[in-house]
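Number of protein chains: 2
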Amino acid sequence: MRRIRLRVAYDGTAYCGWQVQPEVPTIEGELNQAISRLTKEEIIVIGASRTDAGVHAKGNVAVFDTESTIPADRFAYALNPLLPEDIVVVASDEVAADWHPRHCDTEKTYEYKILNSKFPDPMRRRDTYHVSFDLDLEKMREAAGYLKGEHDFKSFCNVHTQVEDTVRMIYDLEVEKEEELITIRVRGNGFLYNMVRILAGTLIGVGRGAIAPEQIPAILEAKDRQAAGMTVPPQGLTLVKIDYLDEKSK
Amino acid sequence: MRRIRLRVAYDGTAYCGWQVQPEVPTIEGELNQAISRLTKEEIIVIGASRTDAGVHAKGNVAVFDTESTIPADRFAYALNPLLPEDIVVVASDEVAADWHPRHCDTEKTYEYKILNSKFPDPMRRRDTYHVSFDLDLEKMREAAGYLKGEHDFKSFCNVHTQVEDTVRMIYDLEVEKEEELITIRVRGNGFLYNMVRILAGTLIGVGRGAIAPEQIPAILEAKDRQAAGMTVPPQGLTLVKIDYLDEKSK
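Chains as they are written, first to last, in my numbering: chain A, 1 to 250; chain B, 1 to 250.
What the hints contain is simulated information worked out from the structure, not anything from laboratory work.
Watch out, some of these pointers could steer you wrong.
Identical chains blur together in the list; that is why a pair holds if it fits in one copy or across any two.
Below are the EDC-like pairs computed for lysine to aspartate or glutamate, each with C-alpha atoms no more than 20 angstroms apart in a straight line [stated by the list, open to error]:
(1) Lys-148 <-> Asp-243
(2) Lys-241 <-> Asp-121
(3) Lys-223 <-> Glu-30
(4) Lys-113 <-> Glu-179
(5) Lys-118 <-> Asp-93
(6) Lys-113 <-> Asp-127
(7) Lys-58 <-> Asp-127
(8) Lys-58 <-> Glu-179
(9) Lys-118 <-> Glu-23
(10) Lys-113 <-> Glu-23
(11) Lys-40 <-> Glu-214
(12) Lys-223 <-> Glu-150
(13) Lys-108 <-> Asp-243
(14) Lys-118 <-> Glu-85
(15) Lys-139 <-> Asp-246
(16) Lys-118 <-> Asp-73
(17) Lys-241 <-> Glu-94
(18) Lys-58 <-> Glu-138
(19) Lys-58 <-> Glu-150
(20) Lys-223 <-> Asp-136
(21) Lys-108 <-> Glu-179
(22) Lys-108 <-> Asp-152
(23) Lys-113 <-> Glu-85
(24) Lys-139 <-> Asp-152
(25) Lys-241 <-> Glu-180
As the structure is a computational prediction, the values presented were derived from the model and not from experiment.
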């Protein structure tokens, strides 16, 4: 028995998120089905990040155990023809039998994309959130500065979460603009439920002048979801990559 | 009666092209319906470029005549809520009653986008053509040099066209690469049926080594569709803009 790891990119538009649910299309469900078809085994993958409905990924990670003799790096080539075109396995390798994609020290990188233009762009409606009012980039960057570092992010967490420890570390939080496209890129050691979308919504609140950058410390301090900005829609969000720290030097 | 001009952006994926056909969704059909709903008149637009099924636009142009008193520049705002989200009117103005979008001297700019990577990108499957083999950019640029200028482009024209004069002028033909995305950008005084897709297919043939750049003059000379490269798929093609030369200084 070998444990195979996949790096998976997907357009989340058509899916009710990563995690299998009855009767609806999910990324995990499509992967289980394609791998089972390929190996003739009954495969259930273990995913690293259970992305929400409509959220995209360039590099989510999943593992599964198989008796198949297909070389580890060939799974990507063998699986893509069996997957819908909005899900692509971009790499595959073999890991230790006890390697678990969620029980490792990781750094995750997410991007939230905002199209800041008078009219929406029909080609960007699936991967950006359209904002037609002006956003003050300098103020957004100033606010981002207060959010970096280790904080209790309880104010930036969906109230329906069950997690107890809401302290997380943000290593980088950048706000870039190229023509009409604003990209918020965040790298951290873990993210709470809806945290990136609430961070982005709060930065948009700052950009439009509804929240002052200097209010951020008080928003963190409040430990109250009501204190932070709105949860912006899923289509702007992409899980860019997951770095496993024990492998980073490889 | 006023003649209103619209600049229209669209994701062509879901449409059977610009031109109205019975029983299938078309860009023109959606525009006719939305404008008729808005003005309570029976509107049929006149389009500048009848793009093919699956082809996109950032700036196609259409006009219509109306008794409506809506200010010309407000049509964009009034129409977008009545249009599907993959069609966006990005500008509207008033033109002379006899102004016709196809009976003017124009320069058109098209882009053909190629994703040159080992695996396809699920977020770019609607607006790029995926090519997994290596492409030699220098050779493609060398070939582009032979295509620039005024030539008889009969070899680069779908054989089912009925046009008699196949001489066209290409002002610019650039091949750019940014990470894995190759963009072929062409500006000319007019394009024959499928011409940009056959130009792109021929440049891809050059890039992969099937056609030598020095063969281009002979391919033009042949005036035979069989001499040029393949017609590449529509989803890579975008009509970027149409410049009306009598207005260019405005």
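Hint check:
In this assembly of identical chains, the alpha carbons of Lys-148 and Asp-243 lie at most 20 angstroms apart only when taken from the same copy (19 angstroms versus 47 angstroms across copies). When the C-alpha separation of Lys-241 and Asp-121 is checked against a cutoff of 20 angstroms, the pair qualifies only between copies, where the shortest distance is 14 angstroms, while the shortest distance within a copy is 26 angstroms. For the homomeric pair Lys-223 and Glu-30, neither the shortest alpha-carbon distance inside one copy (38 angstroms) nor that between copies (48 angstroms) is at most 20 angstroms. With identical chains, the CA atoms of Lys-113 and Glu-179 are at most 20 angstroms apart both within one copy (12 angstroms) and between copies (19 angstroms).
Taking CA atoms no more than 20 angstroms apart as the test, Lys-118 paired with Asp-93 passes between copies only; the shortest distance there is 16 angstroms, against 45 angstroms inside one copy. For the homomeric pair Lys-113 and Asp-127, the shortest alpha-carbon distances inside one copy (7 angstroms) and between copies (18 angstroms) are both at most 20 angstroms. Taking the shortest Cα distances, Lys-58 and Asp-127 sit within 20 angstroms of each other both inside one copy (12 angstroms) and across copies (17 angstroms). In the homo-oligomer, the alpha carbons of Lys-58 and Glu-179 lie at most 20 angstroms apart only across protomers (15 angstroms), although the nearest pairing inside one protomer, at 23 angstroms, exceeds that limit.
In the homo-oligomer, the alpha carbons of Lys-118 and Glu-23 never lie at most 20 angstroms apart, since the shortest distance is 39 angstroms inside one protomer and 33 angstroms across protomers. For a Cα distance limit of 20 angstroms, the shortest separation of Lys-113 from Glu-23 qualifies neither inside one copy, at 30 angstroms, nor across copies, at 37 angstroms. Proximity of Lys-40 and Glu-214 under a CA criterion of 20 angstroms is satisfied in neither setting, with 58 angstroms inside one chain copy and 52 angstroms between copies. Taking CA atoms no more than 20 angstroms apart as the test, Lys-223 paired with Glu-150 passes inside one copy only; the shortest distance there is 14 angstroms, against 68 angstroms between copies.
Proximity of Lys-108 to Asp-243 under the C-alpha cut-off of 20 angstroms is restricted to the intra-copy arrangement: shortest distance 6 angstroms within a copy versus 45 angstroms between copies. For the identical chains of this complex, Lys-118 and Glu-85 are inter-copy neighbours only, at 15 angstroms across copies versus 32 angstroms inside a copy, given an alpha-carbon limit of 20 angstroms. Taking the shortest Cα distances, Lys-139 and Asp-246 never come within 20 angstroms of each other, neither inside one copy (36 angstroms) nor across copies (43 angstroms). Taking the shortest alpha-carbon separations for Lys-118 and Asp-73, only the inter-copy value of 13 angstroms comes in at or below 20 angstroms, while the best intra-copy value is 45 angstroms.
In this assembly of identical chains, Lys-241 and Glu-94 lie within 20 angstroms of each other by CA distance solely inside one copy; the values are 18 angstroms within and 49 angstroms between copies. In this homomeric assembly, Lys-58 and Glu-138 never come within 20 angstroms of each other (Cα to Cα): the closest approach is 28 angstroms inside a single copy and 30 angstroms across copies. When the C-alpha separation of Lys-58 and Glu-150 is checked against a cutoff of 20 angstroms, the pair qualifies neither within a copy, at 26 angstroms, nor between copies, at 43 angstroms. Proximity of Lys-223 and Asp-136 under a CA criterion of 20 angstroms is satisfied in neither setting, with 26 angstroms inside one chain copy and 55 angstroms between copies.
Proximity of Lys-108 and Glu-179 under a CA criterion of 20 angstroms is satisfied in neither setting, with 26 angstroms inside one chain copy and 22 angstroms between copies. For the identical chains of this complex, Lys-108 and Asp-152 are intra-copy neighbours only, at 18 angstroms inside a copy versus 54 angstroms across copies, given an alpha-carbon limit of 20 angstroms. Taking the shortest alpha-carbon separations for Lys-113 and Glu-85, only the inter-copy value of 18 angstroms comes in at or below 20 angstroms, while the best intra-copy value is 22 angstroms. Taking the shortest Cα distances, Lys-139 and Asp-152 never come within 20 angstroms of each other, neither inside one copy (22 angstroms) nor across copies (55 angstroms).
For a Cα distance limit of 20 angstroms, the shortest separation of Lys-241 from Glu-180 across copies, 18 angstroms, qualifies, whereas the shortest one inside one copy, 24 angstroms, does not.
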